[in-house]
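Chemist: Protein chains in written order, with our numbering: chain A, 1 to 202; chain B, 1 to 313; chain C, 1 to 672.
Where hints are given, some of them may not hold.
To be verified - Where chain C lies over chain A, by a calculated footprint (3+ residues, C-beta under 8 Å): (1) 21-34; (2) 74-84.
Stated by the list, open to error - Beta-carbon label-pair distances, calculated as ranges: (3) C:ILE503 to B:LYS313: 53 to 61 Å; (4) B:TYR33 to C:PHE643: 51 to 59 Å; (5) B:ILE31 to C:PHE643: 57 to 65 Å; (6) B:PRO288 to C:LEU345: 53 to 61 Å; (7) C:VAL516 to B:ALA90: 27 to 35 Å; (8) C:LEU345 to B:PRO93: 16 to 24 Å; (9) C:THR599 to B:THR80: 35 to 43 Å; (10) C:PHE643 to B:PRO288: 30 to 38 Å; (11) C:TRP626 to B:PRO288: 35 to 43 Å; (12) C:LEU345 to A:VAL109: 47 to 55 Å; (13) C:THR599 to A:LEU65: 22 to 30 Å.
Unchecked claim - From chain B, some residues computed to sit far from chain C (all C-beta separations above 10 Å): (14) ASP94; (15) LYS174; (16) ILE209; (17) ARG217; (18) MET232; (19) GLY244.
No lab work stands behind these hints: they were computed from the structure. Glycine included, every Cβ here is placed at the ideal spot set by N, Cα and C.
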Amino acid sequence: MIQRQTIDVASLPDHAFGSRSIMWWATMCIIAIEGSVFAIAIASYFYLQGNEEAWPPPDTALPGLFWPSINVAILLLSLIPNELTKRAAEDMRLHDTRRWMTIAVLFAVAFVIVRCFEFTSLNVSWDSNAYGSVTWTLLGFHTVHLVTDLFDSLVLAVVMFTRHAENSRRFVDVAENAFYWYFVVLSWIPIYLVLYWVPRWL
Amino acid sequence: MRGIQSALEPAGVQAEQIANLWTVFLIVTAIVYVVVMAFTIAALLRRRPAIVSNATSPAVRNTVSAAVGLTVLILFGLLTASIFTTRGIASVPDRAIQIAVTGKQWWWQVEYDDADKSKRITTANEIVIPVGVPVTVHLRSSDVIHSFWVPSLHGKRDLIPGKRGQTLTFRADKPGVYRGQCAEFCGYQHANMSLWVTALPFADYARWIEASRQPSRIPSTKTERKGQDVFMSSPCPLCHTIQGTAAGGKTGPDLTHFASRRSIAAAMFPNRPGFLGGWIVDAQHLKPGSQMPSIPLQEQELQPLVTYLESLK
Amino acid sequence: MSEHGAHVGDAKPLEEHLIKEETKVGPYSLPGDEVRHEELEKMWGPAKGPFRWFMQVDHHILGKRFIITAFIWFGLGGILAALMRLQLSRPDNHFLSADQYNQIFTMHGVTMMFLFAVPIMEAVAVYMIPMLCGTRSLAFPRLNAYSYYMFLFGGILLYVAFFLNTGPDTGWFTYPPLANPEFAPGKRVDIWAQLVNFTEISALAVAVEIIATILKQRAPGMSINRLPLYTWSMLITSFMIVFAMPAVMTCSFYLAADRLVGTHFFNPAEGGDPLLWQHLFWFFGHPEVYIIFIPALGMVSQIVTAFTRRPVFGYTAMVLSQVATGFIGFGLWVHHMFATGIPALGSSYFTAASMMIAIPSGVQIFCWIATIWMGKPVYKPPFMFVLGFIAIFVLGGLTGVMLASIPLDLQIHDTMFVVAHLHYVLIGGAVFPLFGVLYYWFPKMTGRMQNDVAGHISFVLMFIGFNLTFFPMHKLGLIGMTRRIYTYHPETGWGPLNALSSIGALVLAMGVLVYVGNAAWSWKKGRIAGMNPFDGPTLEWATSSPPPPYNFIHVPVVNSLEPLWHAPEHQPLVTGLSTQEKEVLITRTFDAEPDHRYTLPTYTPWPFLAAVATGSMFVGSLFTPWAFAIGLPIAGAMVTAWFWPTTAKKEGELPGRSEREFPAEQASEVTT
Numbered sequence: 001m002i003q004r005q006t007i008d009v010a011s012l013p014d015h016a017f018g019s020r021s022i023m024w025w026a027t028m029c030i031i032a033i034e035g036s037v038f039a040i041a042i043a044s045y046f047y048l049q050g051n052e053e054a055w056p057p058p059d060t061a062l063p064g065l066f067w068p069s070i071n072v073a074i075l076l077l078s079l080i081p082n083e084l085t086k087r088a089a090e091d092m093r094l095h096d097t098r099r100w101m102t103i104a105v106l107f108a109v110a111f112v113i114v115r116c117f118e119f120t121s122l123n124v125s126w127d128s129n130a131y132g133s134v135t136w137t138l139l140g141f142h143t144v145h146l147v148t149d150l151f152d153s154l155v156l157a158v159v160m161f162t163r164h165a166e167n168s169r170r171f172v173d174v175a176e177n178a179f180y181w182y183f184v185v186l187s188w189i190p191i192y193l194v195l196y197w198v199p200r201w202l
Numbered sequence: 001m002r003g004i005q006s007a008l009e010p011a012g013v014q015a016e017q018i019a020n021l022w023t024v025f026l027i028v029t030a031i032v033y034v035v036v037m038a039f040t041i042a043a044l045l046r047r048r049p050a051i052v053s054n055a056t057s058p059a060v061r062n063t064v065s066a067a068v069g070l071t072v073l074i075l076f077g078l079l080t081a082s083i084f085t086t087r088g089i090a091s092v093p094d095r096a097i098q099i100a101v102t103g104k105q106w107w108w109q110v111e112y113d114d115a116d117k118s119k120r121i122t123t124a125n126e127i128v129i130p131v132g133v134p135v136t137v138h139l140r141s142s143d144v145i146h147s148f149w150v151p152s153l154h155g156k157r158d159l160i161p162g163k164r165g166q167t168l169t170f171r172a173d174k175p176g177v178y179r180g181q182c183a184e185f186c187g188y189q190h191a192n193m194s195l196w197v198t199a200l201p202f203a204d205y206a207r208w209i210e211a212s213r214q215p216s217r218i219p220s221t222k223t224e225r226k227g228q229d230v231f232m233s234s235p236c237p238l239c240h241t242i243q244g245t246a247a248g249g250k251t252g253p254d255l256t257h258f259a260s261r262r263s264i265a266a267a268m269f270p271n272r273p274g275f276l277g278g279w280i281v282d283a284q285h286l287k288p289g290s291q292m293p294s295i296p297l298q299e300q301e302l303q304p305l306v307t308y309l310e311s312l313k
Numbered sequence: 001m002s003e004h005g006a007h008v009g010d011a012k013p014l015e016e017h018l019i020k021e022e023t024k025v026g027p028y029s030l031p032g033d034e035v036r037h038e039e040l041e042k043m044w045g046p047a048k049g050p051f052r053w054f055m056q057v058d059h060h061i062l063g064k065r066f067i068i069t070a071f072i073w074f075g076l077g078g079i080l081a082a083l084m085r086l087q088l089s090r091p092d093n094h095f096l097s098a099d100q101y102n103q104i105f106t107m108h109g110v111t112m113m114f115l116f117a118v119p120i121m122e123a124v125a126v127y128m129i130p131m132l133c134g135t136r137s138l139a140f141p142r143l144n145a146y147s148y149y150m151f152l153f154g155g156i157l158l159y160v161a162f163f164l165n166t167g168p169d170t171g172w173f174t175y176p177p178l179a180n181p182e183f184a185p186g187k188r189v190d191i192w193a194q195l196v197n198f199t200e201i202s203a204l205a206v207a208v209e210i211i212a213t214i215l216k217q218r219a220p221g222m223s224i225n226r227l228p229l230y231t232w233s234m235l236i237t238s239f240m241i242v243f244a245m246p247a248v249m250t251c252s253f254y255l256a257a258d259r260l261v262g263t264h265f266f267n268p269a270e271g272g273d274p275l276l277w278q279h280l281f282w283f284f285g286h287p288e289v290y291i292i293f294i295p296a297l298g299m300v301s302q303i304v305t306a307f308t309r310r311p312v313f314g315y316t317a318m319v320l321s322q323v324a325t326g327f328i329g330f331g332l333w334v335h336h337m338f339a340t341g342i343p344a345l346g347s348s349y350f351t352a353a354s355m356m357i358a359i360p361s362g363v364q365i366f367c368w369i370a371t372i373w374m375g376k377p378v379y380k381p382p383f384m385f386v387l388g389f390i391a392i393f394v395l396g397g398l399t400g401v402m403l404a405s406i407p408l409d410l411q412i413h414d415t416m417f418v419v420a421h422l423h424y425v426l427i428g429g430a431v432f433p434l435f436g437v438l439y440y441w442f443p444k445m446t447g448r449m450q451n452d453v454a455g456h457i458s459f460v461l462m463f464i465g466f467n468l469t470f471f472p473m474h475k476l477g478l479i480g481m482t483r484r485i486y487t488y489h490p491e492t493g494w495g496p497l498n499a500l501s502s503i504g505a506l507v508l509a510m511g512v513l514v515y516v517g518n519a520a521w522s523w524k525k526g527r528i529a530g531m532n533p534f535d536g537p538t539l540e541w542a543t544s545s546p547p548p549p550y551n552f553i554h555v556p557v558v559n560s561l562e563p564l565w566h567a568p569e570h571q572p573l574v575t576g577l578s579t580q581e582k583e584v585l586i587t588r589t590f591d592a593e594p595d596h597r598y599t600l601p602t603y604t605p606w607p608f609l610a611a612v613a614t615g616s617m618f619v620g621s622l623f624t625p626w627a628f629a630i631g632l633p634i635a636g637a638m639v640t641a642w643f644w645p646t647t648a649k650k651e652g653e654l655p656g657r658s659e660r661e662f663p664a665e666q667a668s669e670v671t672t
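Please build the complete structure, drawing on both the sequences and the hints.
Modeler: As structure tokens, this is what we get:
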């Protein structure tokens with residue numbers, strides 16, 4: 001006869017939000033990876049700038065301010081439906097989650113459309129000089145990041161309108177997705193400042 | 001072992017300081033290694049009680065702490081020695097002979113600048129310097145990254161396209177011939193991109209400079225004249241310059257005083273008629289990928305051409 | 001309780017069930033495990049059918065594949081090394097042409113760094129980490145499958161290109177402008193850039209899986225200060241991968257863009273800078289060395305614990321040293337660039353930092369020696385490999401201190417001295433511990449023991465062969481032999497030492513062959529191992545060998561750093577995880593208190609198809625950037641299918657958010 005202690009975990013919840021959830025850690029890792037990519041691209045930007053007498057180099061026009069500044073406004077506004085999505089998901093209110101998620105996705109779509117105009121107002125081509133190369137790359141990296149998250153949100157939004165929504169773990173997914181959108185916004189601010197204000201200020 | 005390209009056989013003050021630093025590092029690290037290994041072997045072989053407890057003895061704890069402390073001290077000592085040597089080899093004298101070295105795939109162009117344009121000297125794969133006088137080489141690249149390294153005189157320095165101000169200052173203290181080699185992988189024939197540095201007593205150096213400023217020697221025999229004709233009528237002048245003749249190509253090495261050099265093809269072969277003949281007709285076989293094409297010459301053309309080139313003292 | 005419903009099959013005699021219980025379930029069992037085992041087997045078992053190879057998500061299957069695939073690349077890389085040693089064995093040798101040699105040394109470096117060293121460390125972790133953590137599976141099993149296929153496709157791309165005479169030939173570091181289109185026409189460098197994409201995606205994905213597994217899926221009670229040192233090392237390594245790999249992804253993107261769409265990142269004529277490449281590459285490249293080396297430190301600690309029969313001395317110091325190595329590893333990259341002419345003050349900082357990293361390495365070496373001193377060494381092959389590691393790595397570390405000194409570096413940088421140094425730290429520092437730990441974990445993975453005599457022979461051959469090959473290279477570098485040269489003159493005097501080195505390479509290769517032969521033979525014919533043949537202290541030994549697909553029929557509860565050395569028969573166990581779903585227990589990040597249950601997805605072909613789509617996209621981009629425009633939507637569709645939920649409809653109710661906290665020490669007692 002052996003005495004054997006056991007711990008019964010059957011009564012534990014089947015999901016958790018925030019840093020208790022494994023998805024949160026995966027999201028943090030992805031943020032760390034993408035954040036590193038942005039940091040390195042920004043470092044490259046300043047490194048190349050250090051090699052030049054003038055920035056942008058002579059015969060290169062400054063990038064336009066209009067479209068990117070509109071995008072800053074869109075992104076900041078998008079934080080409102082995003083936060084409401086997150087809260088609705090954490091309270092597992094399906095109806096509110098659906099509504100706010102749809103609105104958040106619409107904001108992201110608007111952002112991507114404005115982004116297209118933004119590229120046309122960079123006033124430099126990627127193959128003109130190193131300034132053009134790094135400017136396009138920085139904006140391009142952020143666009144890829146944005147489009148993948150938009151795609152991700154779209155798919156998730158569709159899922160939330162199906163029967164699969166009736167699962168607590170979907171709400172965790174939605175909450176993590178909303179959390180990730182904060183990073184999309186947060187990473188855009190420094191990139192915006194670097195791309196559009198550094199050539200004017202420094 | 002005698003080496004012709006050895007960092008352990010310094011011939012100048014910079015290389016000497018580095019070699020001394022090496023000796024310090026070697027002795028210190030060798031002692032560290034022997035002590036660590038001795039402890040490892042002792043730990044394995046020591047007699048131990050039949051029952052080993054999991055408790056940690058204070059003696060072991062103290063020894064480990066001491067070892068860590070000692071490591072920090074030793075590293076600090078080595079760091080200090082290293083920083084002093086860095087300063088020692090970096091001090092640039094007021095007056096140094098200025099030489100421009102340009103790395104090209106896969107040879108070295110060497111230029112002695114002078115305000116008087118007619119006094120400029122251009123040569124290849126061989127640097128002549130005086131003993132006891134500091135020399136500053138200005139390192140540039142016209143294609144990819146190379147690295148200039150003559151171990152007996154100094155450490156290496158990269159030649160980076162687009163980067164100005166790459167210099168290396170050294171002084172040879174012993175007359176002699178020192179081999180150097182490109183140390184940064186630069187493509188196909190990276191292995192065959194070497195050079196010689198000849199350190200001469202100052203008087204000899206001055207004579208060499210004077211001789212090198214002269215235009216090329218005028219052919220004096222019939223064979224030499226024929227050789228010059230062959231040179232001029234073949235593709236050679238498209239790439240090579242011979243001062244005093246019509247040949248003014250800039251792609252390949254300047255051949256004005258070709259016969260005074262020790263080697264051909266970036267120190268790949270000794271500068272002797274047999275090798276030179278082979279190099280001219282079969283460069284692509286001897287050094288595949290190099291800019292020098294194989295020139296299909298007949299024996300009766302090749303012979304005079306070699307004779308002519310070997311007359312360009 | 002339901003555990004008492006132990007079901008014994010009617011048709012078979014009782015003894016057979018006992019044996020089965022012994023090998024399949026082990027002593028960490030409760031009544032009723034027979035049924036539970038069958039249910040779990042059904043849930044967690046591998047995919048079946050003709051396409052099963054493309055659908056597996058089990059970390060044992062993928063881990064084994066990872067290990068074997070990495071060893072295939074290791075073998076190919078080794079053959080390339082042998083060819084180089086043959087070429088250099090005597091001066092003026094014409095065995096290989098310059099073009100062949102340049103491709104071969106590049107391929108050797110790329111293979112060993114991108115296709116062997118980092119992947120094999122992750123591969124071993126994919127197999128072992130869930131077991132060491134006491135969980136049923138690696139987190140994100142489908143991502144794991146995807147990363148395996150990406151790794152496989154990357155290696156195949158590289159070697160297919162090589163056999164088509166399009167292997168990269170500008171060095172594993174691929175410095176522009178030599179790698180710019182002007183000096184490197186053709187596709188050779190593009191192959192390099194795409195290979196980096198494949199391997200980095202794979203490495204990053206596995207790193208995320210490992211981080212999530214270690215932080216969230218540890219067995220209850222395995223608080224952060226009870227993490228085995230190997231688990232610590234993989235956690236630190238994975239974080240390093242997360243921060244280091246983006247640098248190489250970014251710079252290889254720049255390079256590919258320069259080559260493909262005419263950007264000017266590295267073109268000095270248009271404001272670009274070749275040195276930008278070197279900064280970015282070494283910002284990745286130096287941590288890469290520690291990414292390879294830190295897991296090996298963890299492996300050494302596992303072996304030292306098991307074969308000195310006592311816990312490693314100075315657990316906290318060891319952990320802090322590993323963390324410190326991880327941090328300092330990011331601050332050293334410029335010591336690869338001293339010869340480029342970095343300003344003196346900056347360089348001195350990098351010298352100091354490069355020397356400083358010797359301190360945490362020293363601390364660990366001293367702690368192991370202290371452990372051996374106080375313990376009772378058992379001279380099995382894994383321990384011999386650790387002793388070989390100490391002898392070789394300490395020397396490699398000391399030459400590393402030399403390379404940190406700017407004046408010395410200016411002489412020995414880019415010479416054979418560096419070749420000697422890097423092989424001392426990478427073969428001595430990583431491959432020896434790897435071979436040791438694979439010997440140690442071989443019985444766990446295959447259920448069979450390797451042959452000790454053959455193990456000792458392979459160690460002796462490898463140790464002698466290694467030193468014979470690489471020790472002379474120190475001297476060669478000092479007497480002027482540069483790296484990456486396909487030939488040299490007899491007058492240089494480098495011939496004799498090179499000949500010696502080539503002979504050494506032969507001995508080293510024989511040692512590796514004996515090791516691999518031993519493993520292959522033992523896999524089929526070795527002695528049956530049993531659960532814990534080496535009396536290891538950590539959780540991987542608390543289950544049968546080889547483990548069932550779900551690792552543990554009951555997740556053990558951990559009460560110390562060496563749980564199996566402390567009364568295993570009283571090992572507390574976790575009950576209540578569903579056998580009807582692939583359920584794992586999520587615990588809290590630091591104290592590993594049970595937190596909630598989480599369901600993992602089942603096997604599926606979508607990761608494979610997504611890898612095919614992304615792989616084709618990368619290969620297509622060798623020819624046109626439009627490959628991305630076509631490839632991304634397809635890959636997106638695959639990934640959507642992969643993530644599409646499969647929940648069965650639950651009748652009309654939304655599960656409420658449970659606010660209930662689980663009382664930590666609540667335990668029920670079962671009597672068997």
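Chemist: If a hint holds in the structure, say so; if it doesn't, say that too.
Modeler: Comparing the hints with the structure gives:
Check on the segment 21-34 of chain A: 9 of its residues sit with their Cβ under 8 Å from a Cβ of chain C, so the three-residue criterion for coverage holds. With 0 residues bearing a CB less than 8 Å from a CB of chain C, the segment 74-84 of chain A misses the requirement of three and the coverage assertion fails. Range check, ILE503 of chain C to LYS313 of chain B: Cβ separation about 47 Å, and the 53 to 61 Å hint is violated. Range check, TYR33 of chain B to PHE643 of chain C: about 54 Å between beta-carbon atoms, so the 51 to 59 Å window is met.
Taking 57 to 65 Å as the suggested C-beta distance range, the pair ILE31 of chain B and PHE643 of chain C conforms, at roughly 59 Å. Take PRO288 of chain B and LEU345 of chain C: their Cβ atoms lie about 44 Å apart, and the range 53 to 61 Å is violated. For VAL516 of chain C paired with ALA90 of chain B, a C-beta distance near 50 Å fails the hint of 27 to 35 Å. For LEU345 of chain C paired with PRO93 of chain B, a C-beta distance near 22 Å keeps the hint of 16 to 24 Å intact.
In this structure, THR599 of chain C and THR80 of chain B break the distance hint of 35 to 43 Å, their C-beta atoms being roughly 60 Å apart. For PHE643 of chain C and PRO288 of chain B, the hinted distance range of 30 to 38 Å is not satisfied, since their beta carbons lie about 53 Å from each other. Between TRP626 of chain C and PRO288 of chain B, the C-beta spacing of about 37 Å keeps the proposed range 35 to 43 Å intact. For the pair LEU345 of chain C and VAL109 of chain A, the supplied restraint of 47 to 55 Å holds, since their beta-carbon distance comes to about 51 Å.
Here the CB-CB span from THR599 of chain C to LEU65 of chain A is close to 49 Å, at odds with the stated 22 to 30 Å. Distance check on ASP94 of chain B: its Cβ is at least 19 Å (rounded) from any Cβ of chain C, clearing the 10 Å threshold; non-interface status holds. Once the 10 Å rule is applied to beta carbons, LYS174 of chain B is consistent with being away from chain C; the minimum gap is 17 Å. Every beta carbon of chain C lies more than 10 Å from that of ILE209 of chain B, the smallest distance being close to 28 Å; the non-interface claim holds.
For ARG217 of chain B, the requirement that its beta carbon stay farther than 10 Å from each beta carbon of chain C is met, with the minimum near 29 Å. Every C-beta of chain C lies more than 10 Å from that of MET232 of chain B, the closest at about 32 Å, which supports listing it as non-interface. With a minimum CB-CB distance of about 33 Å to chain C, GLY244 of chain B clears the 10 Å threshold, and the non-interface call stands.
Checked against the numbered hints listed earlier, the structure breaks hints 2, 3, 6, 7, 9, 10, 13; every other hint is satisfied.
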